[in-house]
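> Protein chains in written order, with full-length UniProt numbering: chain A, 1 to 491; chain B, 1 to 491.
I should point out that these hints are in silico values taken from the structure, not numbers from a laboratory. Glycine is no exception: its CB is placed at the ideal position from the N, C-alpha and C atoms. Check each hint, because a few of them may be wrong.
For the chain A half of the interface with chain B, some residues (derived, Cβ under 8 angstroms), not all of them [said to hold, decoys possible]:
(1) S32
(2) T112
(3) Q134
(4) H142
(5) P311
(6) L359
(7) I366
Calculated from the model, a selection of chain B residues having no Cβ within reach of chain A, i.e. all distances over 12 angstroms [stated by the list, open to error]:
(8) S44
(9) S54
(10) G426
(11) E431
(12) G452
(13) S480
Some chain B residues well away from chain A (every beta-carbon gap over 10 angstroms; in silico) [stated by the list, open to error]:
(14) R74
(15) P334
(16) H378
(17) F414
Number of protein chains: 2
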Amino acid sequence: MAISVETFFLNPDAEGTLQAKIQQMIAEGILSGRFRKGEKLPSSRKLARHLGVSRITVTLAYTELQASDYLEARDRSGYFVSQNAPEPPEFDARAPGRDTIDWSRALGRRFTGGNTPEKPQDWSRYRYPFVFGQTDPSLFDHANWRHCALQALGQKDFQALTTDYYDQDDPKLIEFILRHTLPRRGILAQPDEILVTMGAQNALWLTAQVLLTQRRTAAIEEPCYHALRDILMQSRCYLASVDVDRDGLPPADLPRYADVIFTTPSHQAPTNATMPMARRKALLEKAREMDALIVEDDYEFEISFLRSPLPALKSLDTDGRVIYVGSFSKSIFPGLRLGYLVGSRQFIRECRALRASVLRHPPGHIQRTAAYFLSLGHYDSLIRRMGQVFARRRQVMEQALADHGLGVEGRGVFGGSSIWMRAPDGVDTAELDERLRARSVLIEPGQPFFRGPAAPRNYYRLAYSSIPSERIPDGIAILSEELAHLRRLAL
Amino acid sequence: MAISVETFFLNPDAEGTLQAKIQQMIAEGILSGRFRKGEKLPSSRKLARHLGVSRITVTLAYTELQASDYLEARDRSGYFVSQNAPEPPEFDARAPGRDTIDWSRALGRRFTGGNTPEKPQDWSRYRYPFVFGQTDPSLFDHANWRHCALQALGQKDFQALTTDYYDQDDPKLIEFILRHTLPRRGILAQPDEILVTMGAQNALWLTAQVLLTQRRTAAIEEPCYHALRDILMQSRCYLASVDVDRDGLPPADLPRYADVIFTTPSHQAPTNATMPMARRKALLEKAREMDALIVEDDYEFEISFLRSPLPALKSLDTDGRVIYVGSFSKSIFPGLRLGYLVGSRQFIRECRALRASVLRHPPGHIQRTAAYFLSLGHYDSLIRRMGQVFARRRQVMEQALADHGLGVEGRGVFGGSSIWMRAPDGVDTAELDERLRARSVLIEPGQPFFRGPAAPRNYYRLAYSSIPSERIPDGIAILSEELAHLRRLAL
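Starting from the given sequences, assemble the full structure and let the hints guide the process.
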């Protein structure tokens with residue numbers, strides 16, 4: 001590869017002759033690892049013109065660098081970084097103390113320090129990945145996704161690909177969601193009542209910014225999705241945690257002063273509880289009494305392979321009280337970052353303005369690709385295929401868990417992609433996780449789903465969305481061994 | 001197209017027999033426009049199973065709907081929405097007053113009401129689009145972008161496509177930016193000093209959230225990019241506007257109490273001024289004295305076809321005081337939504353945590369596609385081609401403006417994609433814009449770039465990035481005519 005002439009800049013403050021500055025600049029490029037062995041340097045003519053110096057100055061610098069083995073000349077083809085050039089150091093070559101800013105003062109707000117756990121990026125290298133929320137390459141419909149992406153890259157869709165939509169969305173995707181996706185949840189909506197977001201996380205974030213302030217209270221489920229808790233903590237509102245039971249959020253336990261209720265009726269995250277119809281109605285009634293809004297994260301509704309999903313809370317809402325959060329990131333693939341918000345137009349208008357300020361709009365090409373994938377029916381077949389395979393995996397998992405007598409806390413009667421587990425008291429599942437990783441088993445410790453320092457440490461989540469059936473029994477066997485070991489230590 | 005059985009839900013609160021509820025549900029679907037003429041209904045067996053009712057109930061409902069011409073039966077292939085079915089109304093069919101929420105109370109914060117102008121989405125239908133920041137289909141390297149996207153969609157890149165990166169970025173894109181893009185600006189950075197963002201707008205937004213509070217002051221250029229002003233207004237910090245001159249932001253005029261200085265040294269937006277080297281050094285010196293940070297939006301540096309761009313402010317920064325904002329959205333295409341932030345690792349760490357909370361990460365497939373497009377050299381050729389064409393267009397434009405004696409306020413000595421214009425006093429360029437649209441000419445009124453109600457109304461921006469050379473003279477002639485007309489009215 002040739003090094004582009006535009007990467008060369010003389011340091012205006014450097015000492016010495018022009019030739020020395022050029023030599024120094026090139027040597028530094030090599031020593032810092034920026035220019036690599038075998039890469040071609042610009043011709044002396046080009047570099048001289050670019051730097052505004054005479055050609056002979058550059059030639060002399062090159063010759064010197066050749067003499068000191070930084071460069072090598074090849075007949076008629078110019079100068080290259082020498083194979084014998086000094087090795088760039090392995091450590092950070094920058095002088096220490098370069099940054100003189102007092103960042104503890106300069107940072108106006110901090111966003112680090114949330115409770116979101118570190119998750120392994122290389123999960124697919126583990127033999128027993130009971131990992132949640134990643135794509136199983138054996139299930140994903142790669143060929144058809146590629147086909148749709150290609151179609152959306154075509155000349156006909158040029159505008160969808162390249163245009164700055166300002167604050168708008170791809171009309172084809174909006175139409176599909178309105179006509180086909182939402183009716184499956186019993187929801188009828190108008191185009192100005194929906195906004196495409198960067199996944200469900202972005203939808204929840206926008207909602208929190210628009211509805212909450214330092215003087216308002218959000219009620220959340222306990223345990224709950226940790227990223228939601230981080231979002232609400234950052235919004236600085238009051239937080240009221242309400243313990244869920246086997247039917248999800250109990251309306252009677254909601255504090256009367258809550259302004260906004262965040263709930264996951266389809267599959268409570270992480271316990272997998274599905275809220276029964278009667279409780280859905282009671283929740284709406286309670287919210288009406290409290291004059292509170294409800295944010296319904298319709299998480300995993302599509303992964304209902306055991307029973308048909310119940311209608312969304314939003315479909316029962318006659319007040320405009322429910323804000324609905326949907327996602328394709330989970331069911332197509334998480335890297336897609338595509339979800340949507342449905343709510344009253346006054347609310348959607350504010351979310352749209354905020355989204356425009358934060359990022360303008362989700363990339364048009366991704367919206368159009370998803371629109372094709374959905375409208376050609378590939379999405380439905382993907383969900384059906386996932387349902388069939390998940391049903392089988394779940395059966396194998398249930399059997400293995402029963403064989404080893406492991407404690408299931410929540411399994412979800414509609415399906416889902418994971419089982420919520422409870423280890424014996426005294427077992428720290430973070431420690432369990434660490435021991436299991438060494439044996440190529442990945443689980444998800446449960447502590448981050450709970451609030452505060454008194455969070456129980458003996459829960460964990462086992463997902464079956466990314467592990468083949470045939471590996472499940474061995475994985476559970478290892479889990480059982482390590483659990484038994486930790487339990488003995490705890491006694 | 002067949003209507004999926006999953007879009008059918010019985011309204012649990014509806015009156016009447018099961019059969020009547022089914023009829024009502026289907027009729028409503030047709031009347032609301034959700035089910036369209038010729039679409040196939042599910043078989044009675046399927047629908048009965050889905051709703052948990054007897055098959056005869058569904059059959060009776062279908063027969064009734066056929067009798068009333070909502071449906072038609074076709075031999076052996078089932079029921080379809082009839083060609084004679086009632087037309088869905090043109091107006092919004094939902095009963096008024098459905099939304100009972102007092103949104104003026106329920107909304108915690110408002111984000112609408114910024115000064116960002118409405119821009120026509122259908123700009124490409126105008127004959128003379130002097131529109132800024134959109135992609136010219138005749139210049140964009142569609143074939144190679146498609147090629148790179150295809151490569152990034154391949155099995156080898158499956159993980160880059162589908163994976164949830166959590167708070168990380170595509171390592172290939174990061175490496176390219178560090179080794180090739182930043183060195184062209186004289187910047188050396190480490191991987192933990194860079195963050196990929198959803199375009200420059202998202203980079204500016206993240207920066208404002210991390211650095212500014214209600215007790216801090218941001219200094220901005222006047223006039224400046226209106227979306228930046230909206231972002232800063234939303235952050236509720238104090239704003240100090242500093243008038244730019246022909247060399248951009250004058251350091252001597254900066255108020256000493258400013259905490260963060262936002263500037264566009266390469267091409268001041270919208271005046272196109274380039275800050276000379278001496279002033280760049282003076283600005284850094286002044287910021288050091290004030291102990292202020294500088295946010296350098298290195299806007300349009302690559303569109304420098306008249307002279308080589310000067311090194312970035314960031315390259316002269318020895319304190320870690322400068323935060324650098326780069327973008328590919330502008331130079332590849334705006335719908336891409338891809339940019340980056342470079343700054344001290346403490347700062348980048350907070351931005352990364354905030355980005356994770358807001359949207360997790362920009363889609364992996366887009367990052368990987370851009371990495372290929374850059375590393376295969378297509379980006380450089382695109383920029384070169386744009387430079388050549390823009391140079392020609394600019395020449396034609398300058399000539400046409402001179403021929404008509406129109407007032408140029410800022411033209412940028414390095415290149416760029418637009419000219420900043422001044423109409424005679426008394427002319428309102430919003431009115432000019434409206435008149436010109438009727439004649440298929442698009443310009444950008446300048447008022448939104450200025451602060452507050454006293455903003456001058458006689459500036460406008462003329463871009464040559466999306467209009468072919470041969471149309472420029474006629475477009476300018478029409479502009480000149482309408483300007484003369486408005487001027488006569490103003491006198």
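> Of the numbered hints stated earlier in the document, which are not met by this structure?
15
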